[in-house]
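Order-wise, the sequence lines are chains V and R.
Here the numbering used here is used: the first residue of the first sequence is 1, the next is one more, and so on.
Here the numbering used here is used: the first residue of the second sequence is 1001, the next is one more, and so on.
Since the hints were derived computationally from the structure, they do not count as laboratory data.
Just so it is clear, CB atoms sit at the ideal spot from N, CA and C, and this is done for glycine as well.
Any given hint could turn out to be false.
A few chain R residues that face chain V, going by a derived Cβ cut-off under 10 Å, partial list only [what the hints assert, rightly or not]: (1) V1043; (2) L1050; (3) Q1106; (4) S1145; (5) P1320.
Listed next, the stretches of chain V that the computed footprint assigns to chain R, with coverage defined by at least 3 CB atoms under 8 Å from CB atoms of chain R [to be verified]: (6) 77 to 87; (7) 153 to 167; (8) 195 to 205; (9) 257 to 270.
Calculated from the model, a selection of chain V residues having no Cβ within reach of chain R, i.e. all distances over 10 Å [what the hints assert, rightly or not]: (10) E32; (11) D48; (12) M61; (13) D134; (14) F137; (15) K145; (16) A146; (17) H174; (18) Y191; (19) A210; (20) V274; (21) P278; (22) D296; (23) F303; (24) D309.
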Amino acid sequence: MRSTTRRFVLMMAAAFGAALAGGPATAAGYPERPIELIVPWGPGGGADQLARLLSKLMEPMLGQGMPVVNVPGGTGATGMAKLLAAPADGYSMAVYIADSHALLAGKNPRWSMKDITPVAVMIKGPSFIFVKQDSPFKTWADFAKAAKANPGKLKVATLGFGSVDDFSLTVLDHAGIKVVQVPFAKPSERYVSILGGHADALYEQAGDVAQFISGKQMRPILLFGKKRLAAFKDVPASYELGYKVALPQFRSIVVRAGTPPEIVKKLSDAFAKVATMPEYKKFLADQYGDPNSFEDASKAPAFVQEQLDDMKKTVAGK
Amino acid sequence: MTHILLQLGQGFLDCLTPMNMLMLFIGIVIGLLIGVLPGLTLVMGVALALPFTYRMDVTASIVLLSAMYVSGTYGGAFTAILFRIPGEPIDVPMLWDGYTMGRKGQPAKALGWTLVAALGGGLLSAVIMVVLTQPLAVFALRFSSPEYFAVLLFGLSSVVALGRGSLANALISLCAGLLIACVGTDETYGAYRFTFGSRILADGIEFLVVMVGAYGVGEVLSRLETGFATKPIDKISNARTELPTLREIAALKSMFLRASVLGNIIGLIPGAGATIASFVSYGLEAQFGKRRREMGTGVPEGIVAPQAAATASVGGALVPLLALGIPGSGATAIILGAFMLHGIQPGPQVLATSAHIVYAVFASIFLGLALMCVIGYFAIRPLVKILDLPEAVVSAYVLILCFIGALSIRNDVTDLWLMIGFGVIGYFFERLKFPIAPLVLGVILGPLAESSFMNAMISYGNDWTVFFTRPISGTIMAFTVVILLLPFVQHWRARRVAAA
């Protein structure tokens, strides 16, 4: 506990010092004061866990604190508004994930790609359709057959309408697999709906339900992606079956557009170092993330843009 | 049974290492502080503590987090009873009888009752949790959207009991609360409602802002009006920590049992937690309890029912987490995270593979409750002394607490203006004899009820009969109907008697 107090005092002292020094932040001495890491979600979720791990691993590297600030609300929009209201000096960053990104594919998005500069993509993981362990649907073929025989009868639990989950189900819908989408914003309700037999299937990332997979309570029947995953080699990938959709969950770090390129480079290099650390690799493996998830500042913007294009394609096909 | 006792005994031994006891102590103290601060919710507190557990061993870290969880359901009672600021939404029902009892000159006694209630409810629930882990876990899985909605509607219907003066005023207040809850982005379809193009309104109005404003700020405004001349409570500084006598407790034993079992069950339900437990338990007591007519006038029943249920919900919430790997509440979601960080995945296999850790957690709940009450006992006296200070000084600090609380929710200054606005509304409600409780109840439970209603409709093809045909939800709905009809039946009877 003491180290937090000390860190806090140092942080305050540093902030005070910066205020006295005044003037715009220069890239040369960056970072001169703590860097705020905004998590546009509540504490405890996947984005929050990533932020807290990054904050812990980055601090010794940058020589400055990296306090995590949770600003939940509006599928990430509230936290993004906070980021975009701060100066573009590299002292505010935000965790930016696929679910918030999906808002840009919708109507009247509150920010656009022009407002942000992705610094690094930290984790990419495919999504799956899961069923309960003792579900009558042994394979995806069983499920697809039942859905075609009874259109609009099978229930799939998702995060909500207008989310990445929704886009992926839309593609299935076009392929004739018509299901009822039941939106559960709270993860616990989403998982109970499967385990208690209230819904037939669940759209989720493997890392979020790892405890149910290893506990033999749920099993995946379909992966959304181009290739199968080594951990689930019997589970077909959507592209094999002709569903052209692979919207992985990704979690990236963004700063406001207009941040000096040297600062972006410095941050990106630090994240690159984190990505090679064993502690981070273990986190990635626990989350069933792609081992080659990391993209630095030179590639991250293209990746994030590509994701948006893919989402827009599925929406347009609606 | 002996098997369980043996393992529990081993769990106690595991807990009694110096490191674990230290964590237990730290967890309890931090949990109490979190409970006291209105803006720092239990979930946020537990999340903030999680990074400190990275380097601890698994038992110590789980002990720390679950101790915070247990005591976090108790700390807020202090500020609710002494200053009328509910530290957590759990503590709103504590204002009705707890604060009233305090104002009648017995703040130490009111705090004594919360202590006994937290201890009793917590222990009973812990026993239930240890003995019935498996069957309870299976029961928890039977809850889905229709059941959530039924429970929430039951909670909302307790408003009938809260509108002491006038049922009409209570209903108006409730509807105002539900309307405030509508502001923002609709959770299911993402439509904007009553946002007037404002960014902060698009995110909705946080119930904490309403709660802290209407109660905390509203109370300070009322006192300002009288020039801080409320008659001081006699000889508070001489007040001893007053625990209720054994006879008084024995008189309420069936109530303790009722509140604890109810709290435990509501804790079990994923998506409902201590807050709903506390409201529903109070509502149930006010409707069907022995002294239902005196509820709200500062009777111990009104303190014990919500507090016992709130603390009991912790035991309930831990069951699905440990037995199925489902986090039933925000705080248990983070405890799940702590387990996973240490490579343990709670679920059906955990009782077989890591039973010693599970039982150490069980044991830590028992020890935590005991330690919490010892700390609480010694804290009551110095805390009550605060009421000896001039009222204007106390009120200044109350305002500071309110501002810190409202700001820390979203780190947004607009929330402070909203809180002041609700403070003014709370003040006028008080003046015009509109109860504030239904307003707050509507704001807290409204959005939850709405989303579970929408989900049930989507899930069951817009068939509203599911609420009545599913066994659990049907039973709860029947209770709700009785509650809603009761006042009319009583009214009709009274008229017939008068006519005869």
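Now for the hints, and whether the structure bears them out:
Contact between R/V1043 and chain V, as hinted, is supported at the beta carbon level, the nearest pair being about 6 Å apart and thus within 10 Å. Annotation: R/L1050 was flagged as interfacial toward chain V, and the flag holds, the nearest CB pair being 7 Å apart, inside 10 Å. At its closest, the beta carbon of R/Q1106 sits 36 Å from a beta carbon of chain V; the interface hint therefore is violated under the 10 Å criterion. Below 10 Å, beta-carbon pairs count as interface contacts, and R/S1145 has one with chain V at about 8 Å; its hint therefore holds.
Against a cut-off of 10 Å between C-beta atoms, the interface hint on R/P1320 holds, since the closest Cβ of chain V lies about 8 Å away. Residues of the stretch 77 to 87 of chain V lying with their CB closer than 8 Å to a CB of chain R number 4, which satisfies the three-residue condition for coverage. Restraint check on the stretch 153 to 167 of chain V versus chain R: 4 residues with Cβ-Cβ distances below 8 Å, three needed, restraint holds. With 5 residues having a beta carbon nearer than 8 Å to a beta carbon of chain R, the stretch 195 to 205 of chain V meets the requirement of three or more and the stated coverage holds.
As drawn, the stretch 257 to 270 of chain V meets chain R at 0 residues by the rule of a beta-carbon pair under 8 Å; below three, the given contact is violated. For V/E32, the shortest C-beta to C-beta distance to chain R comes to about 22 Å, beyond the 10 Å cut-off, and the non-interface label holds. The beta carbon of V/D48 is not kept farther than 10 Å from every beta carbon of chain R, the shortest such distance being approximately 7 Å. Against chain R, the non-interface label of V/M61 holds: every CB pair exceeds 10 Å, the least being about 17 Å.
Residue-level check passed: V/D134 sits 12 Å from the nearest beta carbon of chain R, beyond 10 Å. Every Cβ of chain R is farther than 10 Å from the Cβ of V/F137; the closest lies at roughly 18 Å, confirming the non-interface assignment. Under the 10 Å C-beta cut-off, the non-interface status given to V/K145 relative to chain R holds; the minimum distance is some 22 Å. Distance check for V/A146 against chain R: the nearest CB is about 17 Å away, which clears 10 Å, and the non-interface claim stands.
Residue-level check passed: V/H174 sits 21 Å from the nearest beta carbon of chain R, beyond 10 Å. Residue placement check: V/Y191 does not keep its beta carbon more than 10 Å from all beta carbons of chain R (closest about 5 Å). In this structure V/A210 is not separated from chain R by more than 10 Å, as the shortest Cβ-Cβ distance comes to only about 7 Å. For V/V274, the non-interface assignment is confirmed: its Cβ lies about 15 Å from the closest Cβ of chain R, beyond the 10 Å cut-off.
At the 10 Å boundary, the C-beta of V/P278 stays outside the reach of chain R, the nearest C-beta of that chain being 14 Å off. Every beta carbon of chain R lies more than 10 Å from that of V/D296, the smallest distance being close to 26 Å; the non-interface claim holds. Distance check for V/F303 against chain R: the nearest CB is about 26 Å away, which clears 10 Å, and the non-interface claim stands. For V/D309, the non-interface assignment is confirmed: its Cβ lies about 22 Å from the closest Cβ of chain R, beyond the 10 Å cut-off.
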